[in-house]
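Protein chains: 4
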Amino acid sequence: MSNKIDVAIVGVSGYTGLELIKILINHPNFNITYVSNSEGGVSLKDIHPMLEGVIDMQVQKADANDIAKVASLVFLALPHKTSMGFAKQLIAKDLKVVDLSADYRLELDLYEKHYCPHEDKENLPLSVYGLPEFYKEDIKKASLVANPGCYPTASLLALLPFVKYLNANQSIFIDAKSGISGAGKKLSDLTSFVTVSENMFAYNPLKHRHTPEIIEKIELLENKSLKINFVPQLIPVTRGMLVSVYLTVNENIDAVQVLKDYYKDEEFIRIVSNPVNIKNTSGTNFCDIFVAQDGNDLFINASIDNLLRGASSQAVVNANLMSGLEENTGISKIAYAP
Amino acid sequence: MSNKIDVAIVGVSGYTGLELIKILINHPNFNITYVSNSEGGVSLKDIHPMLEGVIDMQVQKADANDIAKVASLVFLALPHKTSMGFAKQLIAKDLKVVDLSADYRLELDLYEKHYCPHEDKENLPLSVYGLPEFYKEDIKKASLVANPGCYPTASLLALLPFVKYLNANQSIFIDAKSGISGAGKKLSDLTSFVTVSENMFAYNPLKHRHTPEIIEKIELLENKSLKINFVPQLIPVTRGMLVSVYLTVNENIDAVQVLKDYYKDEEFIRIVSNPVNIKNTSGTNFCDIFVAQDGNDLFINASIDNLLRGASSQAVVNANLMSGLEENTGISKIAYAP
Amino acid sequence: MSNKIDVAIVGVSGYTGLELIKILINHPNFNITYVSNSEGGVSLKDIHPMLEGVIDMQVQKADANDIAKVASLVFLALPHKTSMGFAKQLIAKDLKVVDLSADYRLELDLYEKHYCPHEDKENLPLSVYGLPEFYKEDIKKASLVANPGCYPTASLLALLPFVKYLNANQSIFIDAKSGISGAGKKLSDLTSFVTVSENMFAYNPLKHRHTPEIIEKIELLENKSLKINFVPQLIPVTRGMLVSVYLTVNENIDAVQVLKDYYKDEEFIRIVSNPVNIKNTSGTNFCDIFVAQDGNDLFINASIDNLLRGASSQAVVNANLMSGLEENTGISKIAYAP
Amino acid sequence: MSNKIDVAIVGVSGYTGLELIKILINHPNFNITYVSNSEGGVSLKDIHPMLEGVIDMQVQKADANDIAKVASLVFLALPHKTSMGFAKQLIAKDLKVVDLSADYRLELDLYEKHYCPHEDKENLPLSVYGLPEFYKEDIKKASLVANPGCYPTASLLALLPFVKYLNANQSIFIDAKSGISGAGKKLSDLTSFVTVSENMFAYNPLKHRHTPEIIEKIELLENKSLKINFVPQLIPVTRGMLVSVYLTVNENIDAVQVLKDYYKDEEFIRIVSNPVNIKNTSGTNFCDIFVAQDGNDLFINASIDNLLRGASSQAVVNANLMSGLEENTGISKIAYAP
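Chains A, B, C and D, in that order, give the protein sequences.
If you read the first sequence in our numbering, its first letter stands for residue 1, the second for the next number, and so on.
If you read the second sequence in our numbering, its first letter stands for residue 339, the second for the next number, and so on.
If you read the third sequence in our numbering, its first letter stands for residue 677, the second for the next number, and so on.
If you read the fourth sequence in our numbering, its first letter stands for residue 1015, the second for the next number, and so on.
Hints are supplied without guarantee of correctness; some may be wrong.
Restricting the straight-line Cα-Cα distance to at most 20 Å, the calculated cross-link-like pairs of lysine to aspartate or glutamate (EDC-like) are [claimed, not checked]:
| id | chain 1 | residue 1 | chain 2 | residue 2 |
| --- | --- | --- | --- | --- |
| 1 | C | Lys-940 | B | Asp-394 |
| 2 | B | Lys-524 | D | Asp-1203 |
| 3 | D | Lys-1221 | C | Asp-930 |
| 4 | C | Lys-903 | D | Asp-1203 |
| 5 | A | Lys-164 | A | Glu-251 |
| 6 | D | Lys-1200 | B | Asp-527 |
| 7 | D | Lys-1200 | D | Asp-1308 |
Hint data in this document are derived by calculation from the structure and do not stem from the laboratory.
This one's a predicted model, so the numbers in the text were calculated from it and none came from an experiment.
Using the sequences and the hints, build the whole thing.
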């Protein structure tokens, strides 16, 4: 085990923390040496009883000095704002960081407009956006990776292949559906079983703060401004995410061929011949994409596991790349289905 | 009971047949005198055990002569194609008919293009499209009402108020989600619990045959052709339907006000101030509509109970109007929720 | 409307409060004149948006003097302990009370052992246990009815017909399953969608405080002590309750015939020939009962809607009886299914 | 790869076939060389689209000669009766067989009473019952292992530790709940989403043919006859199984300690301190067991994944033992939760 890379997980109580543990337990090159939450003083199985008989570690109260002694790479599964305060300390100690929060995803102005004043302006410009299909080489060299949001991951992977066929400032519509785990563990009327079962509803339509993340990345990657109308919705599903992107291209294209060419070298993108579904990607790092067209009008349909490709497995892919490993090391392709 | 109107239900085995029974049992002005399915020879509670202790009737093998002896108005809850063969016989006997199938919904050419050769060309032109908010006066005088499909009901109610602000031939996107009961009782891999639970997927995207029904009614009512891109999806919900209509209007409007003005006299339309959900309309004849806008881009969001407003309660509303009763007679406004 | 009985609902925010409203809106003999919760100052549709367009009433801060001015019968849908404080005031004003809490269900000693000191010892002995199949005549004369718990309702209706064939102090096993609405609206990890979906688990096994309610009523009605081993469980269902009672009778009986004879005059009990299910009673006041036997070993299987027969519709049945009305007035027999 | 053991899966279309593939893909010592179903001529991803990009194999029409050329151990995931016909051929060719059907689980008389005439009476006496906690040494030497049913696996693991404290011929009650995948892929009204969602019901109560399997194994292992009253039920869950065993022991015991002592060396049994739930074992080979007692009355509560511990992962554990590997090789302990 001596030649494994020691890693820490900060923020182990939530769903993404649990998923990180589940992936890293079986990872051939990473070794979990430290797990923490905001209070410490418990064991992992107290927080996550399904880990009894699987892994037994004490959960620490998060401390950057302690981490620096036992790990060289850190996954931060913390709330927005808390994360940047902690990341700053870790980077100062030359640790590599994969941050699952929003804190390093946006450029300064946009971040401060949609979230709060930024507390780590020094490192923000150094962070790399961790969407491997688009930033692979940068991620390999990065010390700080901002892991994308789940909605932007699915939306960008669906939309980017077609941006070159869109007019500037064109209106695009994204109808997105998320499993309830996307709302996190915090108790809320909106996530109680009685509210959610046999139900479905939108929230923050046209106002969700993942929208600027989508817009900014398109501008940076394709140098084109779009008007993204984004509608997130909750569905009676625990994990998984489906997005429908609706748009009209400005020339006659073969949309399926565009997708196939665009992602021909990407092992975690599957261009599928039937509409995507949630269960085929649940439990994996895949993003499945389907497209249908009627003339120049397109329906682009993507599915990911919100907790894996939308958070924890994408984070480990990023850590793999930052560590000189193959992108797919220890990453699951096997769906939970049925 | 002598001054009640005697009614028959033909096709009592399916979900919409059951819903018709549930409504008509408690209806103050209708009296069920005849129920049938394709085989007969059983009692209602054999087919629908939850009706034990509620209503006890023999289910007949459907026969137009028998019906004419005991009823003056008939609900046809039959498959497409079967329905028109039967309706023709009933109309010849001067019975009023509410047909829940697609057989009288479209004009001849469009019907034959999307379904099959029409077998009742004589009555087809006399049928009235049973969307009460738009055809109320015609329905009152009709002998044959074509009850709208569930998807067109929700889509048209959401879309029609805004058609005047759209350009001809403009592309509109409708992302529609239906509960599984919408697929009927026929067994299919697509509707098994293992397939559907914790899942969601589109089917026939951009090709569903409810699309021409939507397009035709807009043309007839508003004299404007639109390009409707319609994507139906199945969600892990038994009953209920949600549609998201995405479009860009061609002038600066107050979308909420447009809706409120448009439906100000309609008691079964509720313009709501939060995104709609399925459970608030499930069990009722309401159509809830919400709209959000960002400049000229609109997200119009409607919810109905697919089996009630999308089928059986709308059918009884139509029967009410055809019989000189108040529209709301015997029609539920009380949701099943929680 | 002048010859209707004016009723108040105290505690209108929870699920049972909502169900009371839904029943009473359409009740031919009761007229809701007053609704309250602990804070007041809102309208009904603020708390229950599905009531928009159905009923519009101001929700008051609960006050016994105000109630006495406008109502003669009061439904208390309050938490245990709060309820008896309020009931005492209402009874002092000669109002009839149906209390949905546990406060008047048990005899004094048992109540104080399992709940807390009783604050209305004066009225407690006058209360009648509102299980209509067993206390109908007493309920008709009562001013204060203690509405049974949902678990005791289903368990007693299943078990009582067989008590005469049991030995004293015999061990009985009850495996009970409740929909999540039974836990009320209070937020809890145990009732969040992510915890409940695709899951099932027992809670407080062999220790639930509905057990003494079951034991006491059997002793009072049948003069026999039994050892009830009661295991409540949560299932991924919003509403509905299923109990499996396992026991061995001490003589050779025809269990189906015993049930049929026992309940032959009861319109809200259905003895069914297949195992019961939740959906056939959901939305109704029915209790469905099925029994299978292998020699002297019995499996008795009952289903009720936990919010209706287990709470609100049973409360209205009790109010009907207290008011000289037919038991079934305004009570639904029509299941929500499908 | 040359030192891996080549294995075949016969009957790859169903849920247990899919689970076998998912386990064996990542197994360090087994190599899938052959997969078949009853018709052949397709690829794995045609049958199981979630395997696209994961494994690509042609599905053969099952043929024993072909299998003998490429594999030395065979998993049979076939229907009862079909399986024994095929197993016989494979054993004749000196292949090792793990049979997931019921065909070799019971002694001859009992099998023929509950299923059909047995067609492989020669090999039946040589088969070993594949419940590793009880037959580990026999399995290691076996060429033919009969993989237990899901209900017997959970029931026996819960019940066996307490058999020594039971009287002969005592009545035991087992209230068992299975996820819908347990019914297999065959379409049925009972497994459609509309039937199952928000519902729960028993089937074949006191008559299920897994009962004799439970009784026989207790007699063989503990030399004691019991009267098992077994009630299987379907719950709105895709995968997972929960059993409640109710019994009265004949002496004063510490039930928790009995369990802990009994299974102290078993890594796939977890004695847990709270009632078990489905999600903690779903995705794993664990059987979680909890016990509560009130005097001599016990509630024993066990949870397994019906498709894994109840079928495919237990089959691979058996194959591991038959192949001289560690029991836990390639077997998952990591739950799918959340």
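Hint check:
no., hint, in the structure
1, Lys-940(C) / Asp-394(B), "holds, 18 Å"
2, Lys-524(B) / Asp-1203(D), "holds, 9 Å"
3, Lys-1221(D) / Asp-930(C), "holds, 17 Å"
4, Lys-903(C) / Asp-1203(D), "violated, 39 Å"
5, Lys-164(A) / Glu-251(A), "holds, 10 Å"
6, Lys-1200(D) / Asp-527(B), "holds, 9 Å"
7, Lys-1200(D) / Asp-1308(D), "violated, 42 Å"
Checked against the numbered hints above, the structure violates hints 4 and 7; every other hint is satisfied.
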